[in-house]
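Q: Chain by chain, the residues run as shown.
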Amino acid sequence: MSLTAYVDGIGVLGPGLNGWQETAAILSGRRAYASGPTVLPTPSMLPAAERRRTGRVVKLALGVALEAIAAAAADALLLPSVFSSSGSDGHICHEICQALSLPAREVSPTRFSNSVHNAPAGYWSIATGAMTESNVLCAFDASFIAGLLDAMTQVNVDRRALLLVAYDTEYPPPLHAKRPIPDAFGIALVLSPQLTRQSLARLEVALTDEAFATMREPQLEALRASIPAARGLPLLEMLALRGAGRIIIEYLDTARAGVQIEPCR
Amino acid sequence: MTPQLLKHFTATSCIGTGAPATLAALMQQRSGLKYCEFETVTIDTHIGEVPGVDAQRLPPALRKFDCRNNRLAELALLQDGFLDAVQAAVDRCGPRRVGVFIGTSTAGVLQTELAYRDRDPDSGALPAWFQYATTHNSFSVADYVRQRCGLQGPAVALSSACASSAKAFGSARRMIEANLIDVALVGGTDSLCLTTLYGFHSLQLSSSAPCRPFDVARDGISIGEAAAFALLQRVPDSLDRDAVLLLGVGESSDAYHMSAPHPEGLGARRAIQSALDAAGLDPADIDYINLHGTGTPSNDRSESQAVTSVFGATTPCSSTKGATGHTLGAAGALEAVISALAIRNGVMPGGVHTNCIDPTLTAHYIRANKRAPVTRVLSNSFGFGGTNCSLIFGSAR
Numbered sequence: 001m002s003l004t005a006y007v008d009g010i011g012v013l014g015p016g017l018n019g020w021q022e023t024a025a026i027l028s029g030r031r032a033y034a035s036g037p038t039v040l041p042t043p044s045m046l047p048a049a050e051r052r053r054t055g056r057v058v059k060l061a062l063g064v065a066l067e068a069i070a071a072a073a074a075d076a077l078l079l080p081s082v083f084s085s086s087g088s089d090g091h092i093c094h095e096i097c098q099a100l101s102l103p104a105r106e107v108s109p110t111r112f113s114n115s116v117h118n119a120p121a122g123y124w125s126i127a128t129g130a131m132t133e134s135n136v137l138c139a140f141d142a143s144f145i146a147g148l149l150d151a152m153t154q155v156n157v158d159r160r161a162l163l164l165v166a167y168d169t170e171y172p173p174p175l176h177a178k179r180p181i182p183d184a185f186g187i188a189l190v191l192s193p194q195l196t197r198q199s200l201a202r203l204e205v206a207l208t209d210e211a212f213a214t215m216r217e218p219q220l221e222a223l224r225a226s227i228p229a230a231r232g233l234p235l236l237e238m239l240a241l242r243g244a245g246r247i248i249i250e251y252l253d254t255a256r257a258g259v260q261i262e263p264c265r
Numbered sequence: 001m002t003p004q005l006l007k008h009f010t011a012t013s014c015i016g017t018g019a020p021a022t023l024a025a026l027m028q029q030r031s032g033l034k035y036c037e038f039e040t041v042t043i044d045t046h047i048g049e050v051p052g053v054d055a056q057r058l059p060p061a062l063r064k065f066d067c068r069n070n071r072l073a074e075l076a077l078l079q080d081g082f083l084d085a086v087q088a089a090v091d092r093c094g095p096r097r098v099g100v101f102i103g104t105s106t107a108g109v110l111q112t113e114l115a116y117r118d119r120d121p122d123s124g125a126l127p128a129w130f131q132y133a134t135t136h137n138s139f140s141v142a143d144y145v146r147q148r149c150g151l152q153g154p155a156v157a158l159s160s161a162c163a164s165s166a167k168a169f170g171s172a173r174r175m176i177e178a179n180l181i182d183v184a185l186v187g188g189t190d191s192l193c194l195t196t197l198y199g200f201h202s203l204q205l206s207s208s209a210p211c212r213p214f215d216v217a218r219d220g221i222s223i224g225e226a227a228a229f230a231l232l233q234r235v236p237d238s239l240d241r242d243a244v245l246l247l248g249v250g251e252s253s254d255a256y257h258m259s260a261p262h263p264e265g266l267g268a269r270r271a272i273q274s275a276l277d278a279a280g281l282d283p284a285d286i287d288y289i290n291l292h293g294t295g296t297p298s299n300d301r302s303e304s305q306a307v308t309s310v311f312g313a314t315t316p317c318s319s320t321k322g323a324t325g326h327t328l329g330a331a332g333a334l335e336a337v338i339s340a341l342a343i344r345n346g347v348m349p350g351g352v353h354t355n356c357i358d359p360t361l362t363a364h365y366i367r368a369n370k371r372a373p374v375t376r377v378l379s380n381s382f383g384f385g386g387t388n389c390s391l392i393f394g395s396a397r
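From first to last, the protein sequence lines are chains A and B.
First residue of the first sequence? That's 1 in the working numbering, and the numbers climb one at a time after it.
First residue of the second sequence? That's 1 in the working numbering, and the numbers climb one at a time after it.
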């Protein structure tokens, strides 16, 4: 069985990629790509007390999620969500492991509660007031497709629109040497079971054995290969080109994901 | 939702290695909690430590996965003929049609904690022996199970703190219904580590005594560890008399606070109601509720209000965490297996370590085992980030 959904809104943040409009211009060849550190927005929607506690991973996830929701003209309060990431907050993880390696072993309670993999999903629900369910996934380098598959099954089985957020941030040293994610990258998609006024394209997803696509532009390919969420770049490229076609996206060693794309407008 | 069959299941926690030992401990109301002597930890607390984890070896080809969390997963996979049942599923459907859905909160982060003590004194670099992908990363345990069982279908770790492995059932049942797979290996594995022991201690959420869910003097959790697995599949035309079905999954978010539950249990209530709706059941159809019941003052108060608001004050309920400890990301899967054992064996396990039930908690908490036919069980799992999941299991009779 193949799974279908409509893309109603897109959010993107990454090195030299500030939002979907700018990213679409780059991916469709209308604008040259210039790499630079990822710029993360301040999550102004969070209450001040919570805002102070949020690290880069929360800023990234909320930033791309908000852009996608706005583009889809969707109500965040009503949408279930899928958050997929290879890691939780790498800086907090480092601080806790560092603290535990010292004799006093003083772990900050706030850091501990923010260390959970589902912290961005928790902050999203606090920020939006959404009491809908939120699924939080990890599949290491395969996290983008793991999130997309979970989202597509929700759209198709439960027949409801949802928000998919795939995002990754870096670890500081010394963990960085063991998991060298260079910078923050996130993609958010609002997916809907039926065509809406905002629908940009129809996706049809199935598992396949075919060889996966890479990016022609070397710097973008370096991004795709080094940040799990950036494995979605070939899909974004197809969406930016607004053409019909099929793209194979890297997933596990035992499977790839084939995505058929039909533009809606 | 369409009911699905819990074809085979197993659980390993401090009360028992494998399902028969788990059942025996529940029947005897035996707790596995003991004073914490784990690793170099110096916290005044009790823990639920699984015996034999350190001695467990992984197959040589999977040595790169070696860490406490994957050793615990391996120990659990070896029980109750579970690996044979997985192999039978692979033989029947093919390895690509079996998916893996494992809940964990900390995976093998203990390995990273140990590596930080072994950093190069000059450069600060982590030691060469430390393998991030196959031990620390949340996916490591799902990947271990996938490779150990030779599976080639979709594989994912679910990491929603203490609701992780309950939510694994939600993702798995959807992927089966979507016909991407025929069988799902669903479960949870979380193992003792310093991050959670010192972290909960810093939040003043862990008790020095064995945890006492719903007790008037309850003062926190006892951290435990567990691995529990089940095979989930479509319901076949004919069923054994003792078959157990997954009837409903309900999920929600509190949208309230990162580490404190909604004071009136609104998110929990929403998850419970949504599970009943998914199953097409009324509250009166539930015979027993396996509570999240962690033993912190606020968690139990919030959950009691949620349960009472849906069920009133008559449905028997209890927490098995006084016996097993709070096994965090594995709790949902462990308590799913306990729910299945309750249905198969006609027993509602009474909560242990609870001496004097808090009179302000209105849910009908049972302290003694109750022998009676158990047709349907609701199991609650809630976590940091305000994430909630309720599962309903039922007899096929």
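Worth flagging that the hints you see were computed from the coordinates, not collected in a lab.
Take the hints with a grain of salt, since some may be wrong.
Unchecked claim - Footprint (simulated), chain A over chain B, 3 or more residues, beta carbon under 8 Å:
1. 138-148
2. 151-161
3. 186-198
4. 246-259
5. 312-325
6. 376-387
Model, not experiment: these values are computed from the prediction.
Even glycine gets a Cβ: it sits at the ideal position worked out from N, Cα and C.
Q: Going through the numbered hints above, which ones does this structure break? Give me the numbers in ascending order.
A: 5
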